[in-house]
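Q: In case you want the letters, here they are:
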Amino acid sequence: MTRTRAGAIRIFLAWAACALFAAPLLFVVQASLRSEADAVSGELLAPFTLDQWRLLLDSDATKYLLNSAIASGCSVVLVIALAFPAAYALAVRPVRGAEQLRMFILSTKFLPMVAAILPIFLLVSTAGALDQLWVLVLLYTSMNLPIAIWILCSFLLEVPAEIVEAAQLDGAGLRRILLQVIAPVALPGISATALICVIFSWNEFLFALNLTATSASTAPVFLVGFITNQGLFLARLSAAVLLVSLPVLALGLVAQGKLVRGLSLGAVK
Amino acid sequence: MSTPTWRRAAATAAALAVAVPLASCAAAGDAASDRISVLMVGNPQMTDLQELTEQHFTAETGLAVDFTVLPENELRDRVAQDLAAGVSKYDVISINSSETPYYADLGWLQDLTAYTEQDPAFDVDDVLPSMLTTYSASDGGIHGIPFYGESSFVMYRTDLFEAAGITMPEHPTWDQIAEYAAALDSGDTAGICLRGQPAAGQMFAPLGTIVNTFGGTWFTEDWEPQVDSPEFTEAVQFYVDLVRDSGETGAAQAGFTECLNLFGQGKAAMWYDATAGAGLVENPETSTVAGKVGYAYAPTKLTDYSGWIAGWGWGVPKNSAKADAAWEFISWASSAGYEELVGSEIGWSNVPDGKRESTYSNADYLAHAGAYAPIVLDSIKSIDPRDPGVQPRPTIGTIFVAIPEFSLLATRTAEQINAILAGQADSVADALAVGQELAIPIGQEYAGE
Chain A
1 MTRTRAGAIR IFLAWAACAL FAAPLLFVVQ ASLRSEADAV SGELLAPFTL DQWRLLLDSD
61 ATKYLLNSAI ASGCSVVLVI ALAFPAAYAL AVRPVRGAEQ LRMFILSTKF LPMVAAILPI
121 FLLVSTAGAL DQLWVLVLLY TSMNLPIAIW ILCSFLLEVP AEIVEAAQLD GAGLRRILLQ
181 VIAPVALPGI SATALICVIF SWNEFLFALN LTATSASTAP VFLVGFITNQ GLFLARLSAA
241 VLLVSLPVLA LGLVAQGKLV RGLSLGAVK
Chain B
1 MSTPTWRRAA ATAAALAVAV PLASCAAAGD AASDRISVLM VGNPQMTDLQ ELTEQHFTAE
61 TGLAVDFTVL PENELRDRVA QDLAAGVSKY DVISINSSET PYYADLGWLQ DLTAYTEQDP
121 AFDVDDVLPS MLTTYSASDG GIHGIPFYGE SSFVMYRTDL FEAAGITMPE HPTWDQIAEY
181 AAALDSGDTA GICLRGQPAA GQMFAPLGTI VNTFGGTWFT EDWEPQVDSP EFTEAVQFYV
241 DLVRDSGETG AAQAGFTECL NLFGQGKAAM WYDATAGAGL VENPETSTVA GKVGYAYAPT
301 KLTDYSGWIA GWGWGVPKNS AKADAAWEFI SWASSAGYEE LVGSEIGWSN VPDGKRESTY
361 SNADYLAHAG AYAPIVLDSI KSIDPRDPGV QPRPTIGTIF VAIPEFSLLA TRTAEQINAI
421 LAGQADSVAD ALAVGQELAI PIGQEYAGE
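Quick note, the sequences are listed as chains A and B, same order. Numbering-wise, the first sequence is residues 1 to 269 according to the UniProt record's numbering. Numbering-wise, the second sequence is residues 1 to 449 according to the UniProt record's numbering.
Because the hints were derived from the structure by calculation, they are not lab data. Honestly, I wouldn't trust all of these hints.
As the list claims (entries may be wrong) - Which residues of chain B face chain A? A few of them, derived with a C-beta cut under 8 Å, are:
| id | residue |
| --- | --- |
| 1 | Leu-70 |
| 2 | Ala-84 |
| 3 | Thr-249 |
| 4 | Asn-261 |
| 5 | Ala-276 |
We put the beta carbon where it would ideally sit given N, CA and C, even for glycine.
When you get a sec, could you build the whole thing from the sequences and use the hints?
A: Right, here's the structure in full:
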């Protein structure tokens, strides 16, 4: 009886926590379906309308979403291509001074991005590279690389050393060990790392705001364009927030399935 | 993964690494002479412009326009950064009237005087002189073109005034406003809504006009700081008392948008703010008090008028190589014809008004804005941005001192006053002593001491 009651309380608490976390999202969803005046008044019985979505789909959102997709996608390919061998050298077959090297890699994240923006702006503008998408690809790669190396290290530390030794005994070279032995085993970790890097790049605002103009602007810059000091914008902004978040949400859902499958098929089995 | 698969993956990654830079270079290569880039603040008048450009400008002229829209604060930072470095990627930028004089004096913007004189379609004589003054360098050269302008006035609920038996004068004094606010302040309706957010462009917009009409100023003509002067102190004390006694709940966090929401939802009897607010409170889609709003001139004490003159306009960065194309766009966007277009296509409440004399004789516009348009026009024409108070000023501007340091000075001072509104401090004299301390080195620098 006591056990049943404790279980019910736990379930209630879990649902309450879910509701708490879902509340902001639900607020945004309902606000995106109202007129501006109704969204501000917070009247729950106000009529629904698709006006904000119509307005949004008539805008040039595609350009910004495409730029975000290219910047995030290309940078994540580069990040994984660089972070995976680096993590191997730090975790599976540690090179000399691996621990200090890991700390050094992490220390590159100690400087707040906002402190670096002015020198980066001056460098990029002097190089005549403002408003170029590849600049964002480079910056997002360097921004995410330390985190990716750290996350991948923690995954690769779980890989049993016996697998690598067995592959070496079979005569496999470094490339073969990395791609055919470690990579399949570490796939869940690689997927998780890639997803985190995509999210960080997709949501990055500071570099995109300061280094792009009309050609290379990304989705977060498009998003803030709806904010105004003169007039109402909550409903339109809510619709835009959902539109910009949808690709990452979808990616998260797809990757979630892969992560679970990867874990169940992984080396631990 | 087999070896060929690995090679394919590597080749794809390499191809991407090469293709992305090339693709973005190609995108930049689109920046041909038949294409201009425009950076705009995300205000409603600008989003209307974005909507109308392709069909009504590009189709006519063959000149394509790429827009970037940013909120005001981000835009100001971005514009200052780009102009200071001389590397703007934009051919036309939104500039605020408060910044244009010193951007112009610093040589960051192209002089557009010749364009205004040589383009009969633009009809520069129709543009209100005080608006042009706020976009000029100290030598008189026109470096910005107004897109829409505004002054400030009192919006009040005619139904509540009638019920209370109060008649609002056309030219109220601040003492009368305080009296009416106290009479109309009730549990769910504030007597007056005023901005309390601690920023130069928020609290010090309405408060700046009160300082002017109470006889105060930030600096004398010779850059003598006056932040702790008796006149400045009296004005701020009046503002603090009015907000505390009859202002809105949460005034310390209120800006233009918050007051628009409160007044538009019927939760304030008066609102002293930008004349641009009138179109919004008269729009039944965004306001529940449309048709129940009266208008009166900005309240005064020692001066005949006291409203601000402000607005957004267009500038061409010094490094833009497409000044002719940029002018073609500016001339169209700020023309009387464009106002007609907005009126007929979108609605007369959306017209970017406040810059041209002809707007105020347009029957269609007056049919919509007749209740407040004459006050707006008369305010803008009667206020001298070179002399908005009782003494000459060192720079052009009604509520702003046109120097880069002003924003920080006013914001820091506003933070001190905001603490009083929030109940964390109570001495106006102490608050203004902080402002005076900050103003002294600025005054010394500009006075050449």
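Q: Evaluate each hint against the coordinates.
A: Status of the hints after comparison with the structure:
{"no.": "1", "hint": "Leu-70", "result": "6 Å, holds"}
{"no.": "2", "hint": "Ala-84", "result": "10 Å, violated"}
{"no.": "3", "hint": "Thr-249", "result": "16 Å, violated"}
{"no.": "4", "hint": "Asn-261", "result": "5 Å, holds"}
{"no.": "5", "hint": "Ala-276", "result": "6 Å, holds"}
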